[in-house]
Amino acid sequence: MGSTTTPEATGAMLDETVRAGGLLIARLCSTSAAAATAAAATAAAAAAKPEFLLLKASYAPYHWSPPKGKRHLDEGEDFLAAAIRETKEESGLNPKDLNVMSAFYRDLRYEANGQPKQSRYFLAVLRNPNAAVSLSAEHTDFRRGSEGNGQAASQPKRIRNPTSQCMHNLQQQQQAAEAAAVSHSAQTEQQQQQQQQQQQQQEQQQQQQQQQ
Numbered sequence: 091m092g093s094t095t096t097p098e099a100t101g102a103m104l105d106e107t108v109r110a111g112g113l114l115i116a117r118l119c120s121t122s123a124a125a126a127t128a129a130a131a132t133a134a135a136a137a138a139k140p141e142f143l144l145l146k147a148s149y150a151p152y153h154w155s156p157p158k159g160k161r162h163l164d165e166g167e168d169f170l171a172a173a174i175r176e177t178k179e180e181s182g183l184n185p186k187d188l189n190v191m192s193a194f195y196r197d198l199r200y201e202a203n204g205q206p207k208q209s210r211y212f213l214a215v216l217r218n219p220n221a222a223v224s225l226s227a228e229h230t231d232f233r234r235g236s237e238g239n240g241q242a243a244s245q246p247k248r249i250r251n252p253t254s255q256c257m258h259n260l261q262q263q264q265q266a267a268e269a270a271a272v273s274h275s276a277q278t279e280q281q282q283q284q285q286q287q288q289q290q291q292q293e294q295q296q297q298q299q300q301q302q
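So for the sequence shown, our numbering puts the first residue at 91; every next one is plus one.
What the hints contain is simulated information worked out from the structure, not anything from laboratory work.
Where hints are given, some of them may not hold.
[Claimed, not checked] Computed Cβ-Cβ distance ranges for the label pairs, DEER-style:
#1 Gln-287 to Asn-220: 39 to 45 Å
#2 Gln-282 to Ser-192: 37 to 43 Å
#3 Gln-281 to Arg-196: 40 to 46 Å
#4 Gly-182 to Gln-285: 55 to 61 Å
No residue lacks a Cβ here, since even glycine has one placed at the ideal position from N, Cα and C.
Using the sequences provided together with the hints, build the complete structure.
Okay, structure coming up:
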């Protein structure tokens, strides 16, 4: 009696797509704390561009790309687990070094070495902007790339769009955070002024009572 193959199993066997996970790792540079107004802080945050970690491959065509898997996911792995593992192996950055935004990701589908490939990139932010990068044998160099410094052009075209989307997302977060911080500072200063005024009024009342 011959074995029966289900449609699902047949589809799985026919699907030769290589699946890999990666991280778009951003380094955020804080805007100047000297901004006197919320508008100034907002403008400074909007002007700041997150820098994304790029690694140079040690094999032809020696391209630059974010940390990601070259081959298929390990057995039992999902995209996120693979992305974190590959990042640690390729850059030396541990999960404790990163704030991984697992809800924000982009899927890229393309052909690599004659096979269809799906790479899922998650957005992550360095907790410490100065965290050390330790390269594996798969890469020979690293740098930080952003849209404003001409380095984005060295990325494969398929990576530029999700990188730009991530940069826009991070810039919005920076802008909101900076504006909130300045607003909180302004509220605190206003409260302090009110307390000083109340204290002065109390002192004046005490002086008037003593004179009477």
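Fill in: Hint check, failures only
Going through the list in order, the structure violates hint 4 alone and respects the others.
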